[in-house]
Amino acid sequence: MGRIITIVSGKGGVGKTSLTANLGVALAQAGLKILLVDADVAMANLSLILGMQSSPITLHDVLLGESTINDAVYDGPGGVFFVPSGLSLEAYRRVDSERLESVIKSIQEKYDFILIDAPAGIEKNVMAAIAAAEETIIITTPDSPSVADAIKIKLVAQRLGVNPIGVIINFVRNEKGEIKTQDITKLLELPVLGTIPEDLEIRRSFMQENALPMILHKPSCPASNAIRKIAEKLAGKNIEAGEEKKPGFFEKLFTRFKKK
Amino acid sequence: MNFFSKTIGRLASILLDLDDTQQPKEQIAALNDFLTKCKFEIDASNLDDFLGLLKKKHFVDSITVSKAGEVIASSEGNGVGESFASAALIEFIGKQFADPETILMKMPDFWFMIFPFNQNIYIVKAGTNLTTIEIRALAREIDAFLKKERNSRIRNNGIMKKIQN
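Listed in order, the protein sequences are those of chains Y and G.
The first sequence begins at 1 in our numbering and counts up by one.
The second sequence begins at 261 in our numbering and counts up by one.
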């Protein structure tokens, strides 16, 4: 039986989706079979970060009962498998997110880890994403609004009987005003699985013609290293950094001409 | 180059005291205060007390557990009428439409939610409607408590029989 973990934050914009993508790729690099599920049925973004924006069958179709979950699984970058969510507003209005739990549990045996990218907030779709898992990881940034929302989402997860296993602190700049790691641990009463430094490479990784998770785009940047360490904790083994794919001289020249 | 520019940048920032941020101590204190108010302990020795604690945890007004129209337990110590009506309602809807997963009823001042789960019926009254996900979580908690109670009763009976023999 694989582990089903929902990545939650409460607050939006704390880097939950890119972390889900990168953590998934890092775990896949450990030789594990990983499925990423974009459960943000209203504001689907994971496909954009993975560079897989044109998938014909999505989670919307599965939740509408028009396709099976196996039809919506795609091969993603870095060896991960991926279930995208649709962009259609009409389908979003019609989907029953409460079906997510049974859908995810039906494929639990096929994967070592299923990482679910939850929407922000504490509304019904968020609860559906949390309830579909057995564990949650809470993402926060080291500031009070984000930590306040992380506390709320932890309480929601506990009400739903889902075990929060730890917190990841993202976008750490080591400024004096940041809430310290030990204070976050105390407030959330959870172990810190890792801290990820703010890194421009996160944004750069999806500001490309062919978007790729940062851990594939810049495997040795500080944020990639931090994510790899978190993945090592989850997988219980060491993960080697992949090699950065740098374009050669002729490839660069060709791209320049192509642009013009 | 990258390393040097970063180091110089960091040094300049320290020397010029560019980081003018401060620890939000009052905000951390407020969050600690908020946390003390939402702590919930659900350690109870009997089902009635357990339902009382669950009411606080799930922000609802009352919880009644019934089986085939008979009350198993209620946070309000009653619930006979609710149990009987809920069993009849589920049967009626099942016959007229299809087996319902949840029945939600909006009253002028509150909501009634009826949820059949593992041969029991869970009747929840609250100021706002809970999602099926929330009601199922609540029902699962009560179901686990009932199972634990039943197992400990069986174990105790076994011990009693051994002592008698």
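Heads up, some of the hints might be wrong.
DSS-like cross-link-like pairs, simulated, lysine-lysine; straight-line CA separation at most 25 Å [what the hints assert, rightly or not]:
#  : chain 1 : residue 1 : chain 2 : residue 2
1  : Y       : Lys-176   : G       : Lys-407
2  : G       : Lys-266   : Y       : Lys-186
3  : G       : Lys-408   : Y       : Lys-124
4  : Y       : Lys-229   : G       : Lys-266
5  : G       : Lys-316   : Y       : Lys-152
6  : G       : Lys-297   : Y       : Lys-180
7  : G       : Lys-315   : G       : Lys-407
8  : G       : Lys-299   : Y       : Lys-11
9  : G       : Lys-285   : Y       : Lys-152
10 : Y       : Lys-124   : G       : Lys-285
11 : Y       : Lys-11    : G       : Lys-285
12 : Y       : Lys-186   : G       : Lys-317
13 : G       : Lys-317   : Y       : Lys-176
14 : G       : Lys-266   : Y       : Lys-124
15 : G       : Lys-299   : Y       : Lys-186
16 : Y       : Lys-152   : G       : Lys-317
17 : G       : Lys-266   : Y       : Lys-180
18 : Y       : Lys-186   : G       : Lys-316
19 : G       : Lys-285   : Y       : Lys-180
20 : G       : Lys-316   : Y       : Lys-105
What the hints contain is simulated information worked out from the structure, not anything from laboratory work.
Hints, one by one, checked against the model:
This hinted pair does not check out: Lys-176 of chain Y and Lys-407 of chain G have alpha carbons roughly 51 Å apart, beyond 25 Å. Using a Cα cut-off of 25 Å, the hinted pair Lys-266 of chain G and Lys-186 of chain Y is violated, with the two alpha carbons roughly 32 Å apart. Distance hint between Lys-408 of chain G and Lys-124 of chain Y is unfulfilled; the C-alpha atoms sit about 30 Å from each other, more than 25 Å. Straight-line distance between C-alpha atoms of Lys-229 of chain Y and Lys-266 of chain G comes to about 23 Å, which keeps the hinted pair within the 25 Å bound.
Straight-line distance between C-alpha atoms of Lys-316 of chain G and Lys-152 of chain Y comes to about 16 Å, which keeps the hinted pair within the 25 Å bound. For a cut-off of 25 Å, the pair hint linking Lys-297 of chain G to Lys-180 of chain Y stands: about 23 Å separates their Cα positions. Distance check on the hinted pair: Lys-315 of chain G and Lys-407 of chain G sit about 20 Å apart at the alpha-carbon level, within 25 Å; holds. Between Lys-299 of chain G and Lys-11 of chain Y the alpha-carbon distance is near 21 Å, which keeps this suggested pair within the 25 Å criterion.
Simply put, Lys-285 of chain G and Lys-152 of chain Y have alpha-carbon atoms about 19 Å apart, close enough for the 25 Å limit, and the pair holds. The hinted pair formed by Lys-124 of chain Y and Lys-285 of chain G fails the criterion: a straight-line CA distance of about 33 Å is larger than 25 Å. With a C-alpha separation of about 21 Å, the suggested pairing of Lys-11 of chain Y with Lys-285 of chain G holds against the 25 Å cut-off. With a CA separation close to 21 Å, the supplied pair Lys-186 of chain Y and Lys-317 of chain G stays within the 25 Å bound.
A distance of roughly 36 Å separates the Cα atoms of Lys-317 of chain G and Lys-176 of chain Y; the hinted pair therefore is violated under the 25 Å criterion. Among the hinted pairs, Lys-266 of chain G with Lys-124 of chain Y is inconsistent with the structure: their alpha-carbon atoms are about 44 Å apart, more than 25 Å. Only pairs whose Cα atoms come within 25 Å are accepted, and Lys-299 of chain G paired with Lys-186 of chain Y is accepted, the gap being roughly 14 Å. Among the hinted pairs, Lys-152 of chain Y with Lys-317 of chain G is consistent with the structure: their alpha-carbon atoms are about 13 Å apart, no more than 25 Å.
Between the alpha carbons of Lys-266 of chain G and Lys-180 of chain Y the distance comes to roughly 23 Å, so the proposed pair stays at or under 25 Å and holds. A C-alpha spacing of about 24 Å is found between Lys-186 of chain Y and Lys-316 of chain G, which places the hinted pair at or below 25 Å, so the restraint holds. A distance of roughly 11 Å separates the Cα atoms of Lys-285 of chain G and Lys-180 of chain Y; the hinted pair therefore holds under the 25 Å criterion. Only pairs whose Cα atoms come within 25 Å are accepted, and Lys-316 of chain G paired with Lys-105 of chain Y is rejected, the gap being roughly 30 Å.
Hints 1, 2, 3, 10, 13, 14 and 20 from the earlier list are contradicted by this structure; the remaining hints agree with it.
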